[in-house]
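Undergrad: Listed here are the chains, written in short residue letters.
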Amino acid sequence: MTATATPATRPQPAMRGLAVRQVRRGAVVVTAVCAGMSALVVVGYRADALDPAAVAALARNPAIRTLFGDPVALDQAGGFTVWRTGTVLAVVLGVWAMLAATRITRGEEDAGRWGLLLSGRVTLAEAVRHHLGVLAVVPVLVGAATAAAMIAAGAESTGSVLHGTGLAAVGLFFVAVGGVGAQLFSSRSAANGAAAAVLVVGLLMRMVGDGVPALAWLRWLSPFGLMALTRPFATGRGLPVVVLTCAALLLLALAGWLAARRDVGAGILATSDSRPARTALLGSVPAFAVRRTMRPLAAWSAGIGAYFLLLGLIARSMTEFLTGNPQFAAMAAQAGFPALGTVEGYAATMFTLLAVPVGVFVSVRLAATAADENARRLTLVLAAPVTRLRLLAAEATIAGCAALLLITLSGLAMWAGTAIVHAGLGAADALAGAWNVAPIMVLCLGAGVLALGWRPRTVAAVGALPAAGGFVWQVIADSVDAPAWVRALSPFAHLAAVPATAPAWRAAAVMAGIAAAGVVAGSIGYRRRDLCT
Amino acid sequence: MGVSALRTENLSKRYGRLLALDNLTLDVAAGEVFGFLGPNGAGKSTTIRLLLGLARPTSGRARIFDTDAADVAAAHRRLAYVPADVALWQRMTGAEVLDLLARIGPGTDTAYRDELIQRFALDVSKPAGTYSTGNRQKVALIAAFATRAPLLVLDEPTSGLDPLMELQFRQAVGVARDNGQTVFLSSHQLAEVEAVCDRVGILRAGQLVEVASVAQLRRLHHTEVAATFTGTPPDLTGVLGVDGLHEDGPAAVRFTLNGSPAAALRALADADVATIVVREQSLEEIFLAYYGQSPR
Ligand SMILES: Nc1ncnc2c1ncn2[C@@H]1O[C@H](COP(=O)(O)OP(=O)(O)O)[C@@H](O)[C@H]1O
Ligand SMILES: [Mg+2]
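So the protein sequences, as listed, match chains A and B. Letter 291 of the first sequence, counting from 1, is numbered 291 in my numbering, and no numbers are missing. When you read off a place in the second sequence, starting at 1, and then add 1000, the result is the number in my numbering.
Because the hints were derived from the structure by calculation, they are not lab data.
With a straight-line cut-off of 20 Å between C-alpha atoms, the simulated EDC-like cross-links for lysine to aspartate or glutamate are:
no., chain 1, residue 1, chain 2, residue 2
1, B, Lys1126, A, Asp263
2, B, Lys1126, B, Asp1114
3, B, Lys1126, A, Asp273
4, B, Lys1126, B, Glu1115
Model, not experiment: these values are computed from the prediction.
Produce the entire structure from the sequences given, and follow the hints as far as they go.
TA: As structure tokens, this is what we get:
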């Protein structure tokens, strides 16, 4: 050894540092959202005396249970908060955890950035374990922060801790699911798709398990069901969260084990071998955009379609219950679900929720374009006589059209569900209600294009902001009785309750105008900037 | 002077504080095979990205034939490109990628493409996710050579190829040259450049330090001469073109010749030369001399 040689440092701390840098910003945001929202709802809870008989009726109603989960301990601020925000926050944390897991493992590997890392003394399995290990800390922090925030806001501490633990376990579970997906599949998008399927199926199992007593056992198979079964602020059971944590740890171990059994850049599930060329939809840039959108569109349609079919199936039970129990109609209104008493009002309220997944869908599609650029897959396309504007127009138009298709399918699914139970929702009404969220989707498209033009790394987050951010904003504003101008910042405040009322055309036009401005500004940036090639 | 296939005028590109390309003025004639040489980080890929309109110049202009490089709809109808690292969609097979590139590209000779697939021994029925770096590079090379576009821009296209495939590559460049296509070849591989290029440009730290034919480069540079004498060696100090004079013992000298050898030969002829060895520096030594001047 020469005197000038740098001493060999252990590579593990450096690798963990790398992982921390990749997740810290998202971790801060997701922690703030979970803790902040929980605390706000605790603070905003008004302990108006609830009629115990009415609560019992509420707890028995399958539709309520399907939609919101088992209503328990609603007479306490903590119990109400869990019922109101538990599933939403678990989904937010779960989605973030799985996306982050695939991003920092398979995504980095896909982009070829692990080649250097793994040429040293670090094995692939070690790299996967350390990255997932760092990420696994985040849900624990989120759970702890949520519990602390609820206690600080005045909720009872045992229940708060149990709820925080449940939330952490769900997050941990989805870190593990994303991690396993990243080992099984050789591309980040396939890993994300598989993890998302687990999430959606888990959510649907929770809903069906809560709504249909004979299938209550399904909840033991779903992370969201297990979280709900802990019943914080009521019976308070620890077993479900232990089961969930064990499942998560097993899956994490599985991810490490699988990583040791594959090559760098490959997946456990071998990419299909030789096959004849499928040359459909390769003839032009727009056709190629359609080709790349079909598979994700099919997956999203299946998930969202199943959800709205289920919502249609419970429509009648829900509306009848609320007409019979006006006290809950008022309570639902306070929780941001007004006018659930008629099937049109119910449909309008449920379709509002549709804006979130559809907005996320659009932003994820634009983020896929950004990822293709970042991974240099678009270089060969852009070396053809294809202008940037043409590429951007094709990608954005196809993403928007696919989202409209998704919206239409959801409308039809809801209509089919209501038709099966004879709830009396017209097909035209169902479609009108679904299409009512199109302006928010378009807003997401505008935000996504803007980000693609100026900050391509932020496309997914910025694009989803009007839908996901706007939804959370409205929930918080409603929960704390915020002043009107604060509520008005969310696009959801400007949606009319179609089909119960006429569409708010003016608001839709304003949103379309803002979106168009975003598209124009984004296009200018996209034309000007250096492409990552 | 004929038509330029590619021309840059004072082309510069700045990344923050780093001047990646500094005032590049370059003219590549149509039909020429031009080698673009430089060490890692010299700015070769940056130049190519500017030529393709993928990055925007900080100043200066680039033209492809008679169109502005920024007008890609027109410019890219006349060129094909092979990037330094080829990334493909994992689930698409090689055949599907080639089909896509042929259909959106500047027009493809499918018969020649099929021949190239054979020559490069690429299994195009496999998904790109199973391809090695070299195989992905082959896909881009086949697509580019099959276009018969008048200008081929190749950025270190053989870095992942084995020697056998390297040979196929040289043949394909030869075919392109015979077709009158222009080839702009960025490379590190001096043997490859020597074998296929008419002219080379040498880039160092963003600056073009030399443009010459390979033969000219050699002539411009030192030739090493070692001579032994039966009698006393002649005094060569001050003789025109003689540099680095070195005495190896009482009856032997070594020196390098710079420029015309006439004066030195006359001086040697007057003495009794026993043996003389004249050695041209290899291209590699010439480039090392360039690169060594001030490494970035
Ligand atoms: N997108 C970029 N941002 C910042 N610096 C860059 C970027 N692309 C290239 N560079 C820098 O510009 C210089 C030239 O790079 P490049 O053209 O890739 O070199 P070459 O292809 O000759 O190896 C390098 O120092 C590189 O680090
Ligand atoms: Mg390069």
